[in-house]
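**Q** Single-letter residue listing:
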Amino acid sequence: MGSNITSPVAKAVKISGVTLEVVQGGEGESVVFLHGSDGMSVKTPFLEGLAEAAHVTAPLHPGFGHSELPSDFKSVDDLAYLYLDMLRELNLSNVTLVGESLGGWIAAEIAVRSTERISRLVLADSVGVRFGSPTEVDIADLNMLSQEEVVARSYFSAEVGRRDLVGMSDDDLVVMSRNRVAMTQYTWSPYMHNPRLRRWLHRIDVPTLVVWGKQDRIVSPAYGSKLAALIPGSRFVTIDRCGHYPHVECPNELARLVFEFMLED
Amino acid sequence: MKTWMFCENAYAEGWDKSSESLRNNLPNKYCDPRKAADILHRHLDEWAMADEWGLNICINEHHATATCLTADCALPLYALARETKKAGLMSLGIHIANRPDPIRIAEQIAMIDVLSRGRFQMGLVKASPYEVYPANAQPVGQTRRFMEAYQLIVKALSTHDGPFSWEGEFFHFRDVNIWPRPYQDPHPPTWFVSMSPTGGAWTADNGASVATFLSGRVSKLLFDNYRKRCTELGRPSSPANLGYLAIIACAEKEEEAKRRAWEICGYLRTSPVVAKQWVNPPGYVPVEENAKAIRASQKPGYVPAYATILQHDGTRIPQATATIDEMIDNYVVFAGTPDQVFSQIKEYNDYVGGIGNLLMMGQGGHLNHADTMDSYRLFAKHVQPRLNELKVEPYVERRQVLAAA
Chain L
313 MGSNITSPVA
323 KAVKISGVTL
333 EVVQGGEGES
343 VVFLHGSDGM
353 SVKTPFLEGL
363 AEAAHVTAPL
373 HPGFGHSELP
383 SDFKSVDDLA
393 YLYLDMLREL
403 NLSNVTLVGE
413 SLGGWIAAEI
423 AVRSTERISR
433 LVLADSVGVR
443 FGSPTEVDIA
453 DLNMLSQEEV
463 VARSYFSAEV
473 GRRDLVGMSD
483 DDLVVMSRNR
493 VAMTQYTWSP
503 YMHNPRLRRW
513 LHRIDVPTLV
523 VWGKQDRIVS
533 PAYGSKLAAL
543 IPGSRFVTID
553 RCGHYPHVEC
563 PNELARLVFE
573 FMLED
Chain B
54 MKTWMFCENA
64 YAEGWDKSSE
74 SLRNNLPNKY
84 CDPRKAADIL
94 HRHLDEWAMA
104 DEWGLNICIN
114 EHHATATCLT
124 ADCALPLYAL
134 ARETKKAGLM
144 SLGIHIANRP
154 DPIRIAEQIA
164 MIDVLSRGRF
174 QMGLVKASPY
184 EVYPANAQPV
194 GQTRRFMEAY
204 QLIVKALSTH
214 DGPFSWEGEF
224 FHFRDVNIWP
234 RPYQDPHPPT
244 WFVSMSPTGG
254 AWTADNGASV
264 ATFLSGRVSK
274 LLFDNYRKRC
284 TELGRPSSPA
294 NLGYLAIIAC
304 AEKEEEAKRR
314 AWEICGYLRT
324 SPVVAKQWVN
334 PPGYVPVEEN
344 AKAIRASQKP
354 GYVPAYATIL
364 QHDGTRIPQA
374 TATIDEMIDN
384 YVVFAGTPDQ
394 VFSQIKEYND
404 YVGGIGNLLM
414 MGQGGHLNHA
424 DTMDSYRLFA
434 KHVQPRLNEL
444 KVEPYVERRQ
454 VLAAA
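As they're listed, the protein sequences go chains L and B. Each residue of the first sequence is one higher than the one before, starting from 313 at the first, in the working numbering. Each residue of the second sequence is one higher than the one before, starting from 54 at the first, in the working numbering.
It is worth saying that the hints were derived from the structure and are not from the lab. Quick caveat: nothing in here was measured; it's all calculated off a predicted structure. Note that the Cβ used here is the ideal one computed from N, Cα and C, for glycine as well. A few of these clues could be false.
Over 10 Å on every C-beta distance to chain B, these chain L residues come out as not near it, computed from the model [to be verified]:
| id | residue |
| --- | --- |
| 1 | Val321 |
| 2 | Gly444 |
| 3 | Leu457 |
| 4 | Ser489 |
| 5 | Arg490 |
| 6 | Arg492 |
| 7 | Pro544 |
| 8 | Pro563 |
Part of the chain L face toward chain B, derived, beta carbon under 8 Å [as the list claims (entries may be wrong)]:
| id | residue |
| --- | --- |
| 9 | Asp476 |
| 10 | Thr496 |
| 11 | His505 |
| 12 | Val518 |
| 13 | Ser546 |
| 14 | Phe548 |
| 15 | Thr550 |
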């Protein structure tokens with residue numbers, strides 16, 4: 313159980329002129345967490361666990377949560393540059409960059425551009441590339457599925473993914489609507505990937521751990537394994553009884569994997 | 054008041070294949086091409102009567118759906134541009150926000166306008182929300198893309214001194230120089246469609262005429278906003294700038310006319326049948342509105358406003374369960390003998406302060422060809438001549454008159 317001093321809190325932070333909601337807290341080596349397509353609760357066991365032994369910075373991407381969505385923010389490219397600016401503006405270095413789902417795609421785009429302030433990379437159930445022929449569905453299309461099917465594919469345990477709309481506050485509903493808009497803005501087409509990224513993953517020159525929920529039915533472990541093979545020297549591990557969002561469904565396991573990775577030479 | 058014959062060219066036989074979703078994901082194995090051919094020819098035969106009947110032709114477009122086989126409205130309009138000599142031809146409308154190529158659209162418009170020798174009116178629309186999926190058109194920012202496509206199409210139609218280039222937010226062209234150029238100068242009259250009152254001012258701002266579909270009493274609010282905004286802009290509108298689409302059925306006997314109207318109302322019963330995930334694409338409505346709608350939908354018996362009919366006393370009834378009489382009372386349907394249909398239209402016309410364009414959904418659902426032709430023929434012979442002379446008079450609500458009697 314973390315003390316109040318290290319429990320991370322959400323603050324408004326201006327990065328490159330964009331006002332972001334950023335969860336920050338904890339002391340120690342720097343971990344930056346980039347969330348996935350489903351957004352992120354600002355109070356969540358995964359971040360609290362990380363903050364017990366690290367300095368955590370977890371932004372809500374522009375358009376998610378209460379983060380501003382500038383009208384000219386269109387793509388993951390914009391997010392990659394924004395977060396490179398963030399590392400500099402918050403003076404973060406030797407960062408362990410952890411990205412999950414869409415956040416993993418952003419993390420990879422950051423790492424192929426510059427690892428100057430990054431010492432290691434963790435990609436959890438990340439998207440951003442494709443391997444198959446035009447009609448193969450490498451990444452389940454969230455736009456085409458019913459809400460029930462999205463939940464079933466996203467989580468090993470349906471209970472974890474169940475949304476109680478009645479219990480949600482008005483602000484929660486606005487955030488939920490904002491998240492859908494932001495996700496759609498960044499991932500619509502080409503769906504959930506950058507056709508140019510695959511070619512450049514070899515540029516990632518920091519130790520990389522690729523983590524996958526074994527029961528991820530948005531992007532399969534087979535996809536994750538192929539992704540890992542494109543990143544020099546990376547390691548691929550799975551978490552059992554875990555779907556597409558390990559930070560929500562298996563926070564302790566994911567935090568443990570991150571800390572162990574940070575302790576490696 | 055001109056009347057425009059309208060129908061969706063539905064494949065009604067496919068409607069019982071799913072109660073969940075007739076759009077986007079209903080496999081086209083349920084579409085028999087031989088029957089589809091019969092349907093397309095049948096409706097072209099009906100539209101082709103327009104010259105003889107003194108009516109006009111209005112054609113829409115929808116995609117990936119058993120509710121409409123017209124996947125490109127330019128094609129039947131071009132065929133009818135050749136088959137008719139007098140009738141007006143209107144698209145309502147071309148999906149300029151969803152289609153990837155506004156210059157292709159400008160070329161289609163020019164071809165129809167030239168072939169018809171200047172009888173085309175161009176309705177340019179956003180399409181139904183669910184259609185962003187088959188079009189793969191980004192729903193976020195779609196209104197901005199609509200506006201850029203509109204500006205580009207108008208410029209392509211009205212530029213005659215050589216190529217221009219366009220490097221916009223959404224579209225990029227290096228050599229815009231369409232041949233043929235349109236027949237009408239600077240271009241065919243423009244129509245936008247709106248279902249809510251606020252669309253009136255926006256349409257007026259963009260110099261277009263405004264049409265609305267089956268919105269009943271809400272249409273008055275829309276037209277009032279449009280007229281007011283036009284006056285503010287220093288270019289007062291005329292009834293020619295206003296269009297209203299109703300379900301209309303005529304017959305010798307009232308009962309038969311209402312039966313025909315009920316068949317056409319199959320459109321209302323099936324058009325919204327689409328899987329939930331496609332009903333409200335992200336970005337289509339502002340997030341606050343979206344959040345309020347989610348909250349409202351938690352109440353038992355909730356029906357979204359767009360699926361309701363506004364009544365005289367301000368209350369709303371669900372469209373899905375409204376009776377023909379309720380729909381007649383609230384100007385969504387005009388049905389009866391020719392005399393009855395005329396008085397219903399006159400009452401509506403007085404209610405909204407006069408429109409110049411009545412869009413007649415004269416076929417829908419399982420209404421067969423013989424009944425459709427009979428309905429149009431009666432309308433053309435007995436109703437249209439009176440509409441040609443129709444003047445706006447003080448509004449008298451028939452329903453209240455009958456109640457008082």
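**Q** Compare the structure with each hint and give your call.
**A** Verification of the supplied hints:
no. : hint   : verdict
1   : Val321 : 24 Å, holds
2   : Gly444 : 18 Å, holds
3   : Leu457 : 6 Å, violated
4   : Ser489 : 4 Å, violated
5   : Arg490 : 5 Å, violated
6   : Arg492 : 4 Å, violated
7   : Pro544 : 35 Å, holds
8   : Pro563 : 27 Å, holds
9   : Asp476 : 11 Å, violated
10  : Thr496 : 4 Å, holds
11  : His505 : 15 Å, violated
12  : Val518 : 33 Å, violated
13  : Ser546 : 33 Å, violated
14  : Phe548 : 32 Å, violated
15  : Thr550 : 29 Å, violated
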